[in-house]
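Each residue of the sequence shown is one higher than the one before, counting from 168 in my numbering.
Source of the hints: derived by calculation from the structure; they are not laboratory data. Nothing here was measured: the structure is a model prediction, and the numbers come from that model. Just to be clear, a hint being listed does not mean it is correct.
Here are the simulated SDA-like cross-link-like pairs (lysine to any residue), alpha carbons at most 20 Å apart as the crow flies [said to hold, decoys possible]: (1) K295 to L191; (2) K208 to L198; (3) K186 to E218; (4) K179 to D280; (5) K295 to A281; (6) K186 to L258; (7) K285 to D250; (8) K285 to R176; (9) K179 to I241; (10) K267 to H194; (11) K186 to S233; (12) K267 to M304; (13) K295 to M205; (14) K179 to E279; (15) K295 to R310; (16) K179 to E215; (17) K285 to G221; (18) K186 to R196; (19) K267 to A277; (20) K318 to T200; (21) K295 to E218; (22) K318 to H293; (23) K295 to K318; (24) K295 to I311; (25) K179 to D250.
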Amino acid sequence: MTHPVLTIRSIKASEWIDKAWTLLQAHRRELTTNPDIMELKPRRERYEALETAGFTVSLGLFDRESLIGYSVNIVDANMHYGDLVVGQNDLLFVHPRYRKGQDGLALIHATEDAVRAKGAHMMLWHAKDGTTLQGLMPRLGYRIQDIIFSKVL
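Based on the sequences and whatever the hints tell you, model everything.
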């Protein structure tokens, strides 16, 4: 199946939560590691505050006017390396029907460009173990920065 040319454009995550709800639910179903305690409940007011303060880069991947993917990121100086501005990925998802081509890769590259334009010197992505994203990152020049462990308390 071929898809029309998709577009990537800047969005405000806080304004797209309701419109993206079905996509957010699909994202949660596919990747949430602890669904019993990880209820989908976006903090719209926190996204709005970060957007107003200029600390976000959010991009939508669109098929015509339908949102079919997103990249939401926080851009700020590192807490202990104060001169190091970092882009930290919060959310990255592309609807499974649109993963066969290069559109997800284009979304990653567009994110890098937008974060760099906001002054970031480094981009950090989190990837679930065993996912396509985990395999892709080294091919894009990324290396492991930290490993995050979790434990339900």
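Hint-by-hint comparison with the structure:
With a C-alpha separation of about 16 Å, the suggested pairing of K295 with L191 holds against the 20 Å cut-off. For the given pair, K208 sits about 15 Å from L198 by alpha-carbon distance, which is consistent with the 20 Å threshold. Distance restraint check for K186 and E218: the Cα-Cα separation of roughly 18 Å lies within the 20 Å cut-off, and the hinted pair is therefore satisfied. This hinted pair checks out: K179 and D280 have alpha carbons roughly 17 Å apart, not beyond 20 Å.
For the given pair, K295 sits about 23 Å from A281 by alpha-carbon distance, which is inconsistent with the 20 Å threshold. Straight-line distance between C-alpha atoms of K186 and L258 comes to about 16 Å, which keeps the hinted pair within the 20 Å bound. For the hint pairing K285 with D250, the CA-to-CA distance comes to about 14 Å; that is within 20 Å, so the pair holds. Taking the CA atoms of K285 and R176, the gap is near 16 Å; set against the 20 Å cutoff, the hint holds.
Restraint check for K179 and I241: satisfied, since their Cα atoms lie roughly 12 Å apart, inside the 20 Å limit. This hinted pair checks out: K267 and H194 have alpha carbons roughly 17 Å apart, not beyond 20 Å. Distance hint between K186 and S233 is fulfilled; the C-alpha atoms sit about 9 Å from each other, no more than 20 Å. Proposed proximity of K267 and M304 is supported: the alpha carbons are some 17 Å apart, at most 20 Å.
About 15 Å separates the Cα atoms of K295 and M205, which keeps this hinted pair within 20 Å; it holds. Restraint check for K179 and E279: satisfied, since their Cα atoms lie roughly 17 Å apart, inside the 20 Å limit. A threshold of 20 Å between alpha carbons decides the hint, and for K295 with R310 the separation of about 15 Å falls inside it, so the pair holds. In summary, the hint linking K179 to E215 is supported, as the alpha carbons are separated by about 8 Å, within the 20 Å threshold.
With a C-alpha separation of about 9 Å, the suggested pair K285 and G221 falls inside the 20 Å cut-off, and the hint holds. For the suggested pair K186 and R196, the alpha carbons sit about 18 Å apart, so the restraint of at most 20 Å is met. The suggested pairing of K267 with A277 holds, with an alpha-carbon distance near 18 Å, which does not exceed 20 Å. A threshold of 20 Å between alpha carbons decides the hint, and for K318 with T200 the separation of about 11 Å falls inside it, so the pair holds.
Straight-line distance between C-alpha atoms of K295 and E218 comes to about 26 Å, which puts the hinted pair past the 20 Å bound. Pair hint K318 plus H293 holds up; C-alpha atoms about 17 Å apart against a cutoff of 20 Å. Proximity of K295 to K318 is assessed by CA-CA distance (about 15 Å); at most 20 Å being required, the pair is judged to hold. Our distance criterion of 20 Å between C-alpha atoms is met by K295 and I311, whose separation comes to about 13 Å.
At roughly 26 Å between alpha-carbon atoms, K179 and D250 are farther apart than 20 Å, so this suggested pair is violated.
Hints 5, 21, 25 from the list above are not met by this structure, while the remaining hints are.
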